[in-house]
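As given, the protein sequences belong to chains A, B and C, one line each in that order. Residue numbers are given in our numbering: position 315 of the first sequence equals residue 429, and the series is strictly consecutive. Residue numbers are given in our numbering: position 65 of the second sequence equals residue 179, and the series is strictly consecutive. Residue numbers are given in our numbering: position 379 of the third sequence equals residue 493, and the series is strictly consecutive.
If you're looking for bench data, these hints aren't it; they were derived computationally from the structure. These numbers were taken from a predicted model, which means no experiment stands behind them. Treat the hints with caution; some may be incorrect.
Note that identical chains are pooled: a pair holds if it fits in a single copy or bridges any two copies.
As the list claims (entries may be wrong) - Mimicking DSSO-like on lysine-lysine, the simulated pairs with C-alpha atoms at most 27 Å apart in a straight line are:
1) LYS363 with LYS284
2) LYS363 with LYS205
3) LYS284 with LYS205
4) LYS486 with LYS465
5) LYS276 with LYS377
6) LYS270 with LYS241
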Amino acid sequence: MDALSVANLVSFEDLSGRDVRRILDTAEDMARAIGFDGDAPPIPVAPLDRILGIVFFEPSTRTRLSFESAMLRLGGQTLGFYDAANCSVAKGETLADTIRVMSGYCDILVMRHPLSGAAKVAADAAKVPVINAGDGHREHPTQTLTDLFCIRRELKRLDGLKVGLCGDLKHGRTVHSLAPVLAQMGCEIICISPPELPMPERYMTKIQAASGTRPVETDDLQGTIADLDVLYMTRMQRERFADSAEYDKITGCFVLTPEMMEKGREQLKVLHPLPRIDEIAPEVDEDPRAAYFRQAAGGVPVRMALLALLLRLPEYDVKDKSIGLGKAPRYTEAAPEVVAPKSELQPVPGKGPCRNQQCITTTEPVEPAFVKAEDGPVICAYCEEEQTEH
Amino acid sequence: MDALSVANLVSFEDLSGRDVRRILDTAEDMARAIGFDGDAPPIPVAPLDRILGIVFFEPSTRTRLSFESAMLRLGGQTLGFYDAANCSVAKGETLADTIRVMSGYCDILVMRHPLSGAAKVAADAAKVPVINAGDGHREHPTQTLTDLFCIRRELKRLDGLKVGLCGDLKHGRTVHSLAPVLAQMGCEIICISPPELPMPERYMTKIQAASGTRPVETDDLQGTIADLDVLYMTRMQRERFADSAEYDKITGCFVLTPEMMEKGREQLKVLHPLPRIDEIAPEVDEDPRAAYFRQAAGGVPVRMALLALLLRLPEYDVKDKSIGLGKAPRYTEAAPEVVAPKSELQPVPGKGPCRNQQCITTTEPVEPAFVKAEDGPVICAYCEEEQTEH
Amino acid sequence: MDALSVANLVSFEDLSGRDVRRILDTAEDMARAIGFDGDAPPIPVAPLDRILGIVFFEPSTRTRLSFESAMLRLGGQTLGFYDAANCSVAKGETLADTIRVMSGYCDILVMRHPLSGAAKVAADAAKVPVINAGDGHREHPTQTLTDLFCIRRELKRLDGLKVGLCGDLKHGRTVHSLAPVLAQMGCEIICISPPELPMPERYMTKIQAASGTRPVETDDLQGTIADLDVLYMTRMQRERFADSAEYDKITGCFVLTPEMMEKGREQLKVLHPLPRIDEIAPEVDEDPRAAYFRQAAGGVPVRMALLALLLRLPEYDVKDKSIGLGKAPRYTEAAPEVVAPKSELQPVPGKGPCRNQQCITTTEPVEPAFVKAEDGPVICAYCEEEQTEH
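Turn these sequences into a full structure, and let the hints steer you where they fit.
Written out as structure tokens, the structure reads:
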């Protein structure tokens, strides 16, 4: 099994296009090994003497459980803590020290942290691979991988698809991460949202840079659904609105119902990062085009693949390990060799503290560091926030 | 290994008499495999690539740990959450959605929930078997199975026993479940309680229906103990009484002491669902007739059996799995083919919401449904509460 | 594998010198088996069908995780609870009952409890071995074993070393336990602390009794470091001082910096029980003489050794278990046959309750019991507090 080009997974953008394809292909092997599609009786997984450390400084039950399931399905074990209340951090220990000690108990770590850039601090300190399951406001890369895995399985390709993103695009972190990647892969993005909750300009620019076209924006789900290959629904949060009546009025047109589904094509697939509240009527669940529960379940083989690749389990596709049965299916996507090509970042000397109050450098005793791409703005090397004058 | 007649364990009454006997016999195999009686060195359990998901919407540490121990003793693994505080339910997700997602992480689920009927909603939504570990005010079926397992082991039969139930029979949910089952199996039930805390009429009727005789009621433990084969003690909760003096006065006669034990027969066995507070003096623990700690430990082989049967582990008694060593011992009980024969329930159309404020239909978007047996009252299909006029 | 002389580990002082050596030697085997030094690829650990029960009545995340890691590295499994909030103790159950029930779910227990003497109550009640991970104010014995393991690995012996203990020696429970043991083994102890935070007289007496010499006391870390083989740093807690300025003034001279390290010998090793706050500058971490992260990691093989020995895994060093590869390295320490020879304790009849308000006998229904050594004071048999007149 060829190694990934990275030793940790801090940010999706660290992955090369080859890395992404390798993870998705390995996830297909894993899906087959665990009988994901329910067809073939799986071969028993052999025990694996590797431990995944769960290092969650804020709770995220579902993310945690999908990682735990993945590690157990690989035959390995897990341990960890699920919020910061009782750990040594409460006594004033630095994140770096906590991570160094945890490195002594485990073979790989998955971390969630409330501050941006915390995953970079952890990866720098750890002696074992670190996977970012969310630091601060940024989406975690395994969610994006899970979305790609689902779309590729459901539609047999990742390029040339018409993808509608629907709902609260202003706050929906999942779509902020996914949209530029899909654009880069050759998909057309359509933004479907109330005018009050548009895709932020920052991401519009990113999508345009990746695909060459600025996404269409509309508030008409009803009129758009017939064109789509993928409809990616997001949660609209009642607490974002002044009152409940306002919420009901605005969100009404963005609720997916069986009637709307009648307008959709046969090959349409509906995704949702879950939990869903009111934005998809429960009756849609029975529609075979509703892919969101399969999407959630796909998080397990995707995370199995990532764990196996970062642990560099060399023998994982040979017989005595009983996993990785055969080869991945053929997909037609044009695989860009680099998903989101980062321009070479140059260090910028002599700046003060990061201006982002939610940056890990505000609490951790690391030297603030700044970088810039050619023609780009100066950004923090940890949280990647732009350091504009203020 | 023959399958059970049910795919889930929602209610004890769903089990046929054959199911109960199969679970208890398999539990004997499991007890032997894990060296439960301390006599034979157990053969190592082979790893089992199955995951038990613990889905506890309210805490119950002991129930959780006995299920975890059972799954680990089978060679399997566990994951889950232990209260609802941090899970997606807090964000407004339905129980059905949570269960569907958890189904993707596990091979079998055990659930505890504060609302009645929640186990039925979960079983309907899950793609894997669901075990009810308590929903709302109802006792969970694995406690009843554990009690039966203990009595059968200790007395070598389940029929024709004189069983005294002692303590707070008004609130003791364990005895509410157990008594009708034992009556059905041919045991004589004696209710021993303060007049303030009698067995509710509802359960008196059930016991009488099952055995043909109305149980004797008495407040004289001292005068009754000499007749008993089984004395099932229950907890008296100080908070149910006006003041501590009242509590001490009333409960004094219902505390089992070494002096009272002297009046009991040699074959008497004392059970208690634990935790016990003051109702059994610690000195009784040394008496070989005190079976309550063996009763608690028996929860592990019983739950191993239930997990193995619901997972339909077909090869579990063959050699390469190293468990299920030989055959169960001979017991003399008359095994009624159906434990608590449910009359055929007919749907009742067109009723409004369930009148039980603790019913899962009050929070979950499921259609309320009602059923009735011939000549019986209309009951909720979820929580089984009677829908009397109000 | 020869058994230890004890069935439980309640107190470090219960261990004979031979026990300590056996644990440390076995820990070396374990370190080799898990590739602790990173040199040799470890042989896979075979699954072990044994369960460690974690019974923590107060949280201690790091202690818990190091035990969990150790049990998983042995191939075994863990379950348990991590604070007392939701367990049956909250319903009024005695510690002894909780332990008896937990004994039915596990093969060995590790317990942490806020009251002194709780570990003795647990060991008396349990049917499986019990390891004390801290009860009340006393340090837990596996921390002391971990410290010894680290010193022996780093310096190839345990006798004849000059060991400086530095920081808040008044409250530092770790050094209270470690210093008498090292003194007994032939080390010279130097106490380096602010005059406000000296080693308590009680431990000064113990150290002197063990080594024959009263330790030197100084507040001059700078002037002492050049003489030391081991510098054991401890945490200074800001909350012990009247104000922050006072804290900064006093602690300033006890912060280990790269400049101070320059004065230290080449063979000097710096230890710290962690978490560290300000008392060691982060730059010292890069110094190869900084042993504290290796010390923390060493807790895993030490606890593996202890678990394996208390579980009496007889075949643990044979080939089919794939652990314990070969023999421990040669060390030069003079191994005293008994580490801290306890004089024979005689029961003292007829005393009232223990005078220690933090003693487990204040809440648990056990008969208070007192003992005394020849010429020694009367002490509680549970918490070992002296029962002076008052």
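Tell me the hint numbers this structure goes against, listed in increasing order. Checked against the structure, no hint fails, so every one of them is satisfied.
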